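Student: Produce the entire structure from the sequences given, and follow the hints as far as they go.
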Amino acid sequence: MKIIVHRERCQGHARCWALAPDIFDLDDEGFVVSGNIDVNPQDEDRAWRAAKSCPERALTVEK
Amino acid sequence: MERLPEHVPQELVTGFSLYSSPEMVPTPMGDPQAAAAKALLAGPPIVYTPLATRDGVGAWVITRAEDQRRILQDGVTFSSFRNTFSAAIGESWPLIPLEIDPPDHSAWRSLLNPLLSPRRVVALEGQVRARAVELIEGIKARGTECDVMTDFAFPFAVNIFLQFLGIPDDRLMEFVGWANDMLHSTPEARTAAAHKVLGFLDDLADLRRREPTDDFMTFVLDADIFGRKMTPHEVRAMSILLFIGGLDTVAAAIGFDLYHLARFPADQSDLRRNPEKILLAAEEFLRAYATITPLRTVTADVEVNGVLMKKGDIVSCPSMVANRDPMEFPNPEKIDLQREDNRHTAFAYGPHRCLGSHLARREIVVGLEEFLARIPAFRIKPGTTPMTFGGYVFGVENLILDWSA
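Chains A and B supply the protein sequences, listed in that same order.
Note that the first sequence ends on residue 63 in the working numbering; no numbers are left out.
Note that the second sequence ends on residue 405 in the working numbering; no numbers are left out.
Simulated from the structure, these hints should not be mistaken for laboratory data.
The reader is advised that the hints may include incorrect statements.
Said to hold, decoys possible - Some chain B residues judged to face chain A by a derived CB distance under 7 Å, without partners named:
| no. | residue |
| --- | --- |
| 1 | Ala193 |
| 2 | Arg263 |
| 3 | Pro265 |
| 4 | Gln268 |
| 5 | Gln338 |
| 6 | Asp341 |
| 7 | Arg343 |
| 8 | Thr345 |
| 9 | Tyr349 |
Note that the structure is predicted; figures quoted are calculated from it, not measured.
Built from N, CA and C at the ideal position, the CB exists for glycine as well.
Tutor: Okay, structure coming up:
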């Protein structure tokens, strides 16, 4: 599973980081770090939840 | 009341107003978020109300989450420029950065974001918790009841804010009064309070110019923006926004959360027994009891969800309504303290996402954790009646809790 990070849509709510800080990294301003994320099979549930919790829909899941 | 603009179709005009409709005016034991959502979600996705602000200006009301997201994400077509504060003193300038549009807006946010980033807030947690404990232990020592807003929610939020600004808290209740007058009072009281706050912040800036220290005001005075220092006017326009933003909203959120827990004992005992659930529950409370309504001004004619909006029209995005949109949240009327995928808009969408949201969340979570850990099972004191209201910032007053045996 892969998380597509639409960095230009991120507004720094940081819900992804709150739910899965080991999967999503933030910069000093609190925005998600650019670049898509390859998710380990054991982390898929948490990554999916975190992506779904983004109010801006800045994270999409690609199977 | 102004005349209806010609391009507004009569069938989209609603009589509902966040300011004057039933349950929006002070109401005994009301549920203003549910009432606003019920009234507006029953109608078309976008309606027009002739009474959209406390000053009686007409506006489009965007009721669905998807449309609010689109509008609030597009700061070019939907300008955030206003003069909310300065109008009270007969001037017209924007609060920084809330009422500044792109592209300048992002420079201001880049300056401020690191001060209130999620990681920075983790570092502030100890102070936040110490304040909560101190206030709650004081309440316990005084007896078996408290007025949530005046004994806890306001002093807590104001105290954290003053600490953030680097101000001693001996003038705490004075600040609470100013904030209350600015947000909820008559135009005359609003003007008087606005002058007092300005005077206070100007004095603080002068003091920190002479005696810099490690606090927010010193940071502001030192900061570079657009390759220069801030003007005294910019220092004002930014400090005032933090003052307004940090006080009323956090206190209102804590008030609504404790009001919910007093009315629904099963939820109260669940969180009491399982404090680890508070983190997720706080998100559901933010969804269900959101208090703010962002306003925007249309900068060029645009169609949204089949409705033509013209340049100059005002657009209102009540967060508590989008937060109960069934297209966004399954079973939105159910307040489910363990709701997942809770992408609510309590802090708005788009570039103006609440700068203080991470600190606000911490205050709410820590406030609930310590309140539930230290105060026994509580209820609304028999014979007393909390009053709820809608408007500019939704709120609850006279919330007296009682835990006598």
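Student: State for each hint whether it applies.
Tutor: Hints, one by one, checked against the model:
1. The beta carbon of Ala193/B comes no nearer than 31 Å to any beta carbon in chain A, farther than 7 Å, and the hint placing it at the interface is violated.
2. Of the supplied interface hints, the one on Arg263/B is violated, with its beta-carbon coming no nearer than about 27 Å to a beta-carbon of chain A, more than 7 Å.
3. Because the smallest distance between the Cβ of Pro265/B and any Cβ of chain A comes to about 28 Å, over 7 Å, the interface hint for this residue is violated.
4. Taken as an interface hint, Gln268/B does not check out: its beta carbon lies about 24 Å from the nearest beta carbon of chain A, beyond 7 Å.
5. With 7 Å as the threshold, the beta carbon of Gln338/B stays out of range of chain A, its nearest partner Cβ sitting at about 12 Å, so the hint is violated.
6. Hint status for Asp341/B relative to chain A: holds, with the closest Cβ pair at about 4 Å, below 7 Å.
7. Checking Arg343/B against chain A: minimum C-beta separation of about 4 Å stays under 7 Å; hint holds.
8. Contact between Thr345/B and chain A, as hinted, is supported at the beta carbon level, the nearest pair being about 6 Å apart and thus within 7 Å.
9. Annotation: Tyr349/B was flagged as interfacial toward chain A, and the flag holds, the nearest CB pair being 6 Å apart, inside 7 Å.
Of the hints listed earlier, those the structure fails to meet are numbers 1, 2, 3, 4, 5, in rising order.
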